[in-house]
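One-letter residues, chain by chain:
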Amino acid sequence: MATHRLGLGLTTVLGLAFSIDLLSAQAGKPQAPAAWPPVDPAELAQAEAKVEKGADAEALLWDMRVADGVDQHGVYTEYRFVIRVKIFTDRGRDQYATVKVPFSPRVVVSNIAGRTVRPDGTTVELKPADIFERTVAKIGEYSFREKVFVLPAVEKGSILEYRYTEHHLYSLSDNLQLFFQQAMPIQRAVYHIKPLAIPGRITGMQAQWYHATPVPFTREPDGYLMTYQANLPAVRPEPYMPPAAELQPWLFIYYVTPESAGDTGNPAAYWLKIGKSVSEAFKLVTTKLVTPDVIKAAEPVRAASDLDSKIAAALDITRTVTPLDGASPALRGKYKPDQTVIDALKRGVGTEFQIRMLFTGLALAGGLEVKGALAGNRESLFMDPSSANIAFLQVPVLAVRSADGGRFVDPTNRYSPTGGLRWQQENEPVLVGNDTDPGLARAPLSGAYLSVKTRSAALRLSEDGAIEGDLSGEFAGHFSVATKEAYNQVTPAEWEKDFKESFAQHLTGVEITSVKFLGLESPKQPYGYAVHLKMPGYAQKTGTRLFVKPAVFEYGEPPGFSAATRTNPVYFPFPWTERDSVTLTLPPGYEFDEATAPSGVRFAEDASYEYALAISADRHEVVLKRTLVVCNNKRILFEVSEYPGLKKFFDLVAQNDGFALSVRKAGSQ
Amino acid sequence: VIPRLPAIALAATIAWLPGAALRAASVPAWLKDATALADPPLDRDAGAIVLVDDIAIEIGADGRKRTVEHYAVRVRKPTGQSAAGISEIYQAGAGRIRGLKAWTIKPSGQVVEYGRDRILDLALVNDDVYNDMRRQVVRAGEDAEPGCVFGAEVTSDERTVFTNFEWQLQETWPVLVARRSIKTPEQWAIKSVTFNHAPIEPIVNGRVTQWEVRNLKGILKEPAMPALSDLAPRLAATVLPPADARLPLFDAWSSVSRWLSVIQDPPAAVTDDIRVKSVALAGADMTVLSKVKAFGRYVQNVRYISIQMGMAQGGGYQPHPAADLLVKNYGDCKDKANFLRSLLAAAGIRAYMVAVHLGDPGYVREDWPSPTQFNHAILAVSVDASVEAPAMIRHPQLGPLLIVDATDDQTPVGELSVDLQGGLGLVVSPTEGAIVRLPVTPADRNLIERRWTTQLDAKGTLTGSLVETSLGEEASNLRRYVSGLSAAGFAEAMERRIAASVRGARIDRFEPTSAPDRYDVSLSFTAPAYAQALQPALLLVQPPALGDDGPDLSSPTRTSPIRLDPAMAKERIELKLPAGFVVDELPATASLETTVGRFTATARAEGDRVVLERSLVLVGGLVPADRAGDVRQFFERVRAARTSPIVLKKP
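Chains as they are written, first to last, in this note's numbering: chain G, 1 to 669; chain P, 1 to 651.
The following block holds chain G by itself, in its conformation from the complex:
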């Protein structure tokens, strides 16, 4: 079970330092050691996991208490864990007998206790001297620490149990996702929740279930509300799977204030209200935005003729400002927290908020209508508009309009030539700040022909089976954005090393030279590369023939999906296209045998693959044209029942990519 906070919590809304004498604070203080609950002999005798056969370990109980409170420092949340795990194998012992509890400066970890119940029922207690605290990293005043302990005498058949308390300062359990599953199977996962009540400020707490059969809350004598889920399998990653929040059972808890009471029951009214709030907030931050300096800077925007060119002109100016997160130390040194958007423009560095506001100012001064908007993030959650909670819309974007029409713009998406949304926001609801209507729109999903890998190669085959020649590639759309953002995380030297290794992974013994990269730091130019390649033994030899695979870019690549079965739906982040063109020339005196090239493959209307070979009249050269289009009709989520068909499609693609042409010496039989 893990939690994740969405959006802004009430700590932000309420402030951190208010003082209300409601509850006496006990959290974080040493608690009298509680007796361990008795161990069921049946559990001790259990030799096999119940939830998932063959599991290395199984949590018999994963229990967490969440309680909010107030003390002299302000609000806090206390999490109290009790965990009981049955160990079935040595691997389970190695994986779960060491416990690490990381914590940050505003968290206190206390009341750690643990013991091991041996298979014969005897117990070994965790000694306080065997609980360590280590500073993982420290820089200036910031430090990241963890409590570490190893449960003693753990062996196959043992039950280990431990408990600890985390006291989070300046925290409320508001907008909290409470997940039930873990890396190991769980027999019973329990949450006990004790909300805070502040008359006039907090009137209650709401909970929403996702992907679970809800278990009604039970009120416990100590004031906690308890719910649970049982028989939870372990979380198992699969390639191309949806985010955890779309697969696992979880509970969403959030506070209700007098202002938000009744919101949940009427999503339409809720979004109208929130749309107005967003609009008011946006007006507030943009009221004094269009200063004479901004108007002066926006001259190219005003001069542009239509919506797209005005946006492009505003982006050209905005992109001279480097985001603070990722700026060089020298640029970071110029940044001032209280700087205006014009300061950001002059200094060349600013926060994402300042970049967004600079674009807004320029667009407004250039004659465009701009509204603030909030979009979902489908990398973590597919937002459902019937879930009336602004926490599900996390990403600020802009809705820009002129007489020509309108579109969404994310000025912080630095490497999108048009300032389009990142793939995470595409196809997600977007709440546009609006005074009159709910303003909940859906961002369009870009088509497969926007995110394209275009690659070409001109290669010569030698008599010994080696190939040599020039390769180039160009990535557009989301591929280009993702590549450039990845480049920003490493040094140029690391990038080149990783790039070369990406070839060597599927082309054994390949030699890559004359590497050139294009557009890596350019917002407008797509990412591209050009290399010279030499690979000995590319073609296979028999006594009289050479066999050569024209699809060099796919050589040695495994099929898209290797597993015969699938547990989770398949989810592609965005539609895409691959276009390859390969020219292969034979050594003098050799020619291609007759060949029947593989045919095209389709998967319903969702994916298509074409493979076309053209052998020259003198049989000395072949040209391959290969096109793969995935999520053709903008469907990116496929149910488990569709997996066999999808796998078959990608298997056939891999099979055809592995097609070999036979080459002989001219005139030989």
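Read the hints as simulated data drawn from the structure, not as lab findings.
Be a bit skeptical, because a hint or two may be false.
No farther apart than 30 Å at their CA atoms in a straight line, the calculated lysine-lysine pairs in the DSSO-like style are these [what the hints assert, rightly or not]:
#1 G:Lys648 to P:Lys650
#2 G:Lys516 to P:Lys77
#3 P:Lys459 to G:Lys625
#4 P:Lys277 to G:Lys127
#5 P:Lys570 to G:Lys541
#6 G:Lys334 to P:Lys106
#7 P:Lys459 to G:Lys665
#8 P:Lys570 to G:Lys665
#9 P:Lys277 to G:Lys156
#10 P:Lys221 to G:Lys541
#11 G:Lys500 to P:Lys650
#12 G:Lys336 to P:Lys221
#13 G:Lys516 to P:Lys221
#14 P:Lys217 to G:Lys516
#15 G:Lys648 to P:Lys106
#16 P:Lys217 to G:Lys346
Fit chain P to the given chain G structure using the hints.
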């Protein structure tokens, strides 16, 4: 854990920290001088060059040390950006870094000075449950444009019992000047020795002894290269305090052994509980060897957990009492070796702790007696002369000894991991301590044998079975790999591995069996549309071929020797042809015999079947850099032979 600390939290925090101040910083004179140097002609292709690497140590009469380090590196190219930085190790509690100052001087003359907000303090070893050892790091790569000079000045104090110093004088970058000096109290002596380089003679000036080396060429990182510690110059010095200094004197291996035995013998004490456990583990009529194997297996299965405290006082060499391990069922390498020693002692079997260096058999050098050369502890068990096992050595004084690594739960007692083979170890004893050479296992002990029985149908579907048997290091490697996987995970991994050779293969049956001396995998599979129809009457079949393709030697140049592990692989593939098809072409017979190894491959038609047999023996050891082409050619020819296809035709 609520909320989990995001993995990116630290990186994000660092990214949000204010930039290093660009100030008219007070750059020290030594760094100004280093910066003023013209870029030297040494190794001009290297991305960076170390201009100054100077460490000066002053030892007090009580053994306390103060170290002052000056370091300057010039970045020449973007590939050298990572050189701009410094990492200083210290032991929390016994030492501290008193001051760390660092600067980047840009080609324009602009100076970036790094304050406290750019010094990262990290745990030295992240996997340990607890470890005193920490490091402070300044990373200046993002400021390091080509032409800049990064410099650092570090002052640190340490209180330690060790008077041995070892410096690797180079990482990978070329070095213009590397200098070390030690200032001792009166009457103290110093001995030094150089490894991987011509002897660096000390210059003695009063109480200061100084060593200096210049113009070290850079070391390229290359695949299958020996450990850097076997290539870079290393300087080792032992300071010999007077007898009344109350510090250990490491002037000979016997004194190192004595010192270790003083701290390692008491924790091996046999308690009643140990005696009871020893009796419980030993069968009534077990031989000494079978007792060693039974006890060894038991201790190898004790969980490895590393808790390192008091390192500067020798804590890194001192095991926890064996009785503690019996209760806790966890410990580190020295704890486990000591626990096994105690159990054996309870059964009347004598065993010695052995200090070794894991991961680099060439690391420990006999001509420098020092405990600091070791990073691992194993055991040498006295056995009778009739015992035969790959891990046996015969010592002139101590007699036949069976080397047992109580930590390595994937290598059975009687064998030794390749990471230890051939290295030097110190057998610890108050009176009989001795340096010994650990045994090397011949290639045929590390055998992997595969037998494929397959059948092709006219549609190109390949079905069949594979029986794979691994022995020696091959079995240990497989056990190591499998230990991190669930049963289902192993099956999935095996399916991916088979599918990498037999495209589209799906495993129908999977039966792994681990025995103490071998690892067997038996499976059956189906690969639809595996063979390719070239024309209606021709089928192209790629015979299965597992095994690796050797190290990546694609670079046209090679500067360091190539390290190859001894190994042997045999493969037999039987392919039943589809009805109506006959053989048109078979892979050619291949036979290679070089100093790298031997390879043979044959293919023959037998009725309605094709039988292919392959055998590969790698001799192992170090191949000189100038013979990289031979090694590359050997593996290329092996790969070409292994991937050579079969052509079938319908007459």
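Can you list which hints this structure breaks, lowest number first? Checked against the structure, the hints that fail are numbers 8, 10, 11, 12, 15 and 16, while the rest are satisfied.
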